[in-house]
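Undergrad: Dock chain B against the given chain A, drawing on the hints supplied.
For reference, the chains in residue letters:
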Amino acid sequence: MKIPAEGQLLRIFIGEQDKWHSQPLYEVIIHLAKKEGMAGATAIKGFMGFGCKSRMHTAKLLRLSEDLPIIIEIVDSEEKINGFLPHLDEMVKEGLITLEKVHVIMYRANPVT
Amino acid sequence: MSMVSRGILLNPFMALLYIPFMAKIIALAIGSLAGGFARYYLAGAVYRILGTTFPYGTLAVNLTGCFLIGLFSVLAEEKFLIGPNGRLLLMVGFCGAFTTFSTFIFETSNLMRDGETLQTLLNITLSVIAGFLVFRMGVLLGELI
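Chains A and B, in that order, give the protein sequences. Under the working numbering, the first residue of the first sequence is numbered 362, with each subsequent residue one higher. Under the working numbering, the first residue of the second sequence is numbered 568, with each subsequent residue one higher.
Treat the hints as calculated values from the structure; they're not laboratory data. Be careful, since some hints might not be right.
Claimed, not checked - Pairwise CB distance ranges (calculated): (1) A:K421 x B:G603: 20 to 30 Å; (2) A:L393 x B:R615: 48 to 58 Å; (3) A:S415 x B:M589: 19 to 29 Å; (4) A:G398 x B:Y607: 48 to 58 Å; (5) A:K396 x B:R615: 20 to 30 Å; (6) B:Y608 x A:L393: 44 to 54 Å; (7) B:M704 x A:L446: 31 to 41 Å; (8) A:S415 x B:L630: 22 to 32 Å; (9) A:L393 x B:V701: 51 to 61 Å; (10) B:T692 x A:R424: 38 to 48 Å; (11) B:L617 x A:M409: 56 to 66 Å; (12) A:E434 x B:A697: 41 to 51 Å.
Keep in mind the model is a prediction, meaning the values are calculated, not measured. No residue lacks a Cβ here, since even glycine has one placed at the ideal position from N, Cα and C.
Only chain A is shown next, with the shape it has when bound in the complex (with noise of 0.2 Å):
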């Protein structure tokens, strides 16, 4: 699989208790990805933040320790990102997703022996 040098970075900030039919979204969201044959998705998990409710959540403090942020980036060519979003448009129902032009460096791995 090739990524153009000029691919989109696809960032979607949730949180880790937002579901998709009672499965955590993010992984919905990472098993679609690999489903529809995106380059590659990366979940990462904030120990701090807050979204659109102002809401503060870290995981220093346990009564605050809900609902820590996670961030998917996908990054792939523009017509892929663009055919993966009406899906997000469906499953996201709050948070943020914001898309950046990337320049590709490098993207592969190891031959298989």
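TA: Then chain B, alone, in the frame of chain A:
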């Protein structure tokens, strides 16, 4: 996949878990209930074994709670073996009802980890000294009634 196709409507209790708010409430309720019982019976057992010349029961509960919250925090935050509702059940509900001291140590430890020495000392000092002070205020109020 719809709830009906999963057969969830056959079990009303399972259906409740599909409402995120209800799942949180149930996790908290089960954890708190279990933590309260565990505290009561562990402290009782320790007093039967070690006697009542020192608050061994409370000490045992506090130390066990600190161990458990340390274990659960790593399993949740670093190993990803405990999800958000599991954390609510085990850390907030169970450990919180078992002993609030575990939460105090967890948060103080986080302050120490982040190098916030002043905040760490303030948290310990305020909890202990202000705890004694407001305890005395409660006693005084009780005596006035």
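Undergrad: Indicate, hint by hint, whether the structure satisfies it.
TA: Status of each hint after checking the structure:
Distance hint for K421 of chain A and G603 of chain B: a CB-CB separation of about 26 Å, consistent with the stated range 20 to 30 Å. About 56 Å separates the C-beta atoms of L393 of chain A and R615 of chain B, a value consistent with the hinted range of 48 to 58 Å. Between S415 of chain A and M589 of chain B the beta carbons are some 25 Å apart, a value that agrees with the proposed interval 19 to 29 Å. About 56 Å separates the C-beta atoms of G398 of chain A and Y607 of chain B, a value consistent with the hinted range of 48 to 58 Å.
As the Cβ distance of K396 of chain A to R615 of chain B is approximately 58 Å, the hint placing it in 20 to 30 Å is violated. Judged by the Cβ atoms, the range 44 to 54 Å given for Y608 of chain B and L393 of chain A holds: they are separated by roughly 47 Å. Look at M704 of chain B against L446 of chain A: about 59 Å separates their beta carbons, and that is not inside 31 to 41 Å. The hint said 22 to 32 Å for the Cβ distance between S415 of chain A and L630 of chain B, and at roughly 38 Å that hint is violated.
Checked against the hint of 51 to 61 Å, the pair L393 of chain A and V701 of chain B passes, with Cβ atoms roughly 52 Å apart. Taken as a hint, the range 38 to 48 Å is violated for the pair T692 of chain B and R424 of chain A, whose Cβ atoms sit roughly 21 Å apart. Taking the beta carbon of each, L617 of chain B and M409 of chain A are about 42 Å apart, not inside 56 to 66 Å as hinted. At roughly 45 Å, the beta carbons of E434 of chain A and A697 of chain B sit within the given window of 41 to 51 Å.
Of the numbered hints listed earlier, those contradicted by the structure are 5, 7, 8, 10, 11.
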